[in-house]
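In the order they appear, the protein sequences are chains A and B. Just so we're aligned, residue 1 is where the first sequence starts under this note's numbering, counting upward by one. Just so we're aligned, residue 1001 is where the second sequence starts under this note's numbering, counting upward by one.
Any given hint could turn out to be false.
Claimed, not checked - Straight line, CA to CA, 25 Å or less: simulated BS3-like cross-link-like pairs of lysine-lysine:
1) K63(A) <-> K146(A)
2) K1004(B) <-> K314(A)
3) K1004(B) <-> K312(A)
4) K254(A) <-> K116(A)
5) K1004(B) <-> K1116(B)
6) K146(A) <-> K131(A)
7) K63(A) <-> K178(A)
8) K64(A) <-> K197(A)
9) K312(A) <-> K1040(B)
10) K314(A) <-> K1116(B)
11) K131(A) <-> K178(A)
12) K131(A) <-> K254(A)
13) K1099(B) <-> K1116(B)
14) K273(A) <-> K254(A)
15) K1104(B) <-> K312(A)
Claimed, not checked - Now the stretches of chain B that chain A is said to cover, found in silico as 3 or more residues with beta-carbon under 8 Å:
16) 1106–1120
17) 1162–1169
FYI, nobody ran anything at the bench for these hints, they're computed from the structure. These numbers come from a predicted model, not from an experiment. Where a beta carbon is used, it is the ideal one built from N, C-alpha and C, also for glycine.
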Amino acid sequence: MRRKAGIIFFFFPVFFFVSSAGQPLSDRIRKNKEQSYEDNLSCFRCHGTDRIDNDSQKIVMKKKNVLDTLLYYSSVHGSFRCLDCHAEEYGQYPHPVSLSDETFLSCLDCHGGNKKTAAYHFEQIAEAFDKSVHAEKGGEDFTCWKCHSPHAYVNYMRNADSVGFAVAIREDNAMCLKCHDTMHDGSSGNTLARMHKWLPNQSLHFLHVRCLDCHAEVPDTIRVSHHIFPAAMAVRNCVACHQVNSRLLETLYKYHRSLHRQQKGFYNPEILKNSYVIGANRNYLLNLISVIIFGVALLGMVVHFFIRIFVKRK
Amino acid sequence: MAEKVYHYPLWIRIWHLFNALFCLVLIVSGVSMQYASQGKMLLSFEWAVRLHNLCGAGLTLNYLLFFVGNLVTSNRRHYFHYERPFFAALRRQIYYYTKGIFRKEPPPFPVTRQRKFNPLQKITYCIVMYIFVPLVIISGVLMLNISLLANPRALLITDIVHIVAGFLISLFLLVHLYFSTIGARHNYHAIVTGFHEEDDNNLDEKNKE
Chain A
1 MRRKAGIIFF
11 FFPVFFFVSS
21 AGQPLSDRIR
31 KNKEQSYEDN
41 LSCFRCHGTD
51 RIDNDSQKIV
61 MKKKNVLDTL
71 LYYSSVHGSF
81 RCLDCHAEEY
91 GQYPHPVSLS
101 DETFLSCLDC
111 HGGNKKTAAY
121 HFEQIAEAFD
131 KSVHAEKGGE
141 DFTCWKCHSP
151 HAYVNYMRNA
161 DSVGFAVAIR
171 EDNAMCLKCH
181 DTMHDGSSGN
191 TLARMHKWLP
201 NQSLHFLHVR
211 CLDCHAEVPD
221 TIRVSHHIFP
231 AAMAVRNCVA
241 CHQVNSRLLE
251 TLYKYHRSLH
261 RQQKGFYNPE
271 ILKNSYVIGA
281 NRNYLLNLIS
291 VIIFGVALLG
301 MVVHFFIRIF
311 VKRK
Chain B
1001 MAEKVYHYPL
1011 WIRIWHLFNA
1021 LFCLVLIVSG
1031 VSMQYASQGK
1041 MLLSFEWAVR
1051 LHNLCGAGLT
1061 LNYLLFFVGN
1071 LVTSNRRHYF
1081 HYERPFFAAL
1091 RRQIYYYTKG
1101 IFRKEPPPFP
1111 VTRQRKFNPL
1121 QKITYCIVMY
1131 IFVPLVIISG
1141 VLMLNISLLA
1151 NPRALLITDI
1161 VHIVAGFLIS
1171 LFLLVHLYFS
1181 TIGARHNYHA
1191 IVTGFHEEDD
1201 NNLDEKNKE
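Isolated chain A, as found in the complex (with noise of 0.2 Å):
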């Protein structure tokens, strides 16, 4: 406990000054950080260790009890008082009974309407959400929660310039591994492998392409449509993404989409900065030049074959 403690205390000026994506914090958030640090000490003297030991209690703390201190002061809401979001009652110790019944807030309670929060679209994520295999097979259970951890969510896609398309792909595609990923055991024999060997070079794909890409409808207004399909409409078309209007370009490269759609005369170059896409990276130069010369071999050899006919019947 005292190392995880002396950790916090060791990297928690690092935040005050550089979010986890590597950005400047803006003064608001960093004051607000300040001040969330302080007062929910209290709550991590408990909740940031999952084991209590000392002179008046000796205590295992349950998984779901214990947060990642480091991963919470780096995620969205690292910001926020513990209290903010859980009843104020929580600030009593013991906690009373009564507070087992709690029910946890939405996401749309504090971003439905607001106006701070507009630019995320938080109403059309969740009507996309609404008529997504999600919610069709979840129901009320399958909340946002399930995979935006409100402890923990880091919306790294947003700062993939600065962290880097592969992290922010492994990042965004880990969120489905979590439930995901089980079919790996091989207990069902449908392993994430298995249900994909029709892609060819399968890792590398997943690599460089999130699940969302072939598993979501492609977003309009939103950068990430939540509009999950069910397995049997995920795209299955290699040609979606392998040509030049490339589906990758309204889904993963939404907004990184240069204005200048060549670059030293590829096509897409916002996609070189991650991987190489064939058909989609094709370069413009070389098509044209390519063009041109089996143009001149072709018309050259037709206009020496009709002269061969020409001279042989003379």
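Starting from the known structure of chain A, fit chain B onto it as the hints suggest.
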């Protein structure tokens, strides 16, 4: 009476047949991937990838047959023994293709028992078989084992090498098909039967040698 020369033994004819088949499928499937576009495909992308990988492996094995065959048989002399002076011989052959042929002049380097290819053919075949084909094979093998190309930039450069080499081989194939109609009768027949039959009007020049 035209003279028959046995220039294409069975192993060369088998190699040539498979080389032609693999190259055609690789070109069609390669173009399908490179110019992939919804609803305008020669082959579906999925099939293009499968066929390209399969025929790429086939071409590689077939190339080994050619490479080893040329190492252990006398066929290699047709690729590496050049007329001297080299550039003068090339100029004579180029002159023949661009002017001499239209003036009904005999070919400067007709096929004989000792000579299967003219100087321009030799250098072209040599460049294609010992530079472009190995390049396309090595870059193709690297892309088949994509884990060797962890960096997207390395993948991009490898694919460009693959595409450029593939394009030059396609261009060679086109010119090769056309030039096979020049100079001797039944060039296409020769690569099937193994016997080369020179045109009657080339015999005088050949007999001078």
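Cross-check of the supplied hints:
1. K63(A) <-> K146(A): Given pair K63(A), K146(A) holds - Cα atoms ~16 Å apart, limit 25 Å.
2. K1004(B) <-> K314(A): violated (29 Å)
3. K1004(B) <-> K312(A): holds (24 Å)
4. K254(A) <-> K116(A): holds (23 Å)
5. K1004(B) <-> K1116(B): The given pair, whose Cα atoms are some 12 Å apart, holds under the 25 Å limit.
6. K146(A) <-> K131(A): holds (16 Å)
7. K63(A) <-> K178(A): With a Cα-Cα distance of about 16 Å, the restraint between K63(A) and K178(A) holds, given a limit of 25 Å.
8. K64(A) <-> K197(A): Roughly 35 Å between the alpha carbons, so the hint for K64(A) and K197(A) is violated.
9. K312(A) <-> K1040(B): Violated, at roughly 42 Å.
10. K314(A) <-> K1116(B): violated (30 Å)
11. K131(A) <-> K178(A): Cα-Cα ~21 Å, so holds.
12. K131(A) <-> K254(A): holds (21 Å)
13. K1099(B) <-> K1116(B): Given pair K1099(B), K1116(B) holds - Cα atoms ~22 Å apart, limit 25 Å.
14. K273(A) <-> K254(A): The hint holds at about 14 Å.
15. K1104(B) <-> K312(A): Roughly 8 Å separates the two Cα atoms, so the pair holds.
16. 1106–1120: Our answer is that it is violated, as 0 residues pass the Cβ test (under 8 Å) against chain A, missing three.
17. 1162–1169: holds (count 3)
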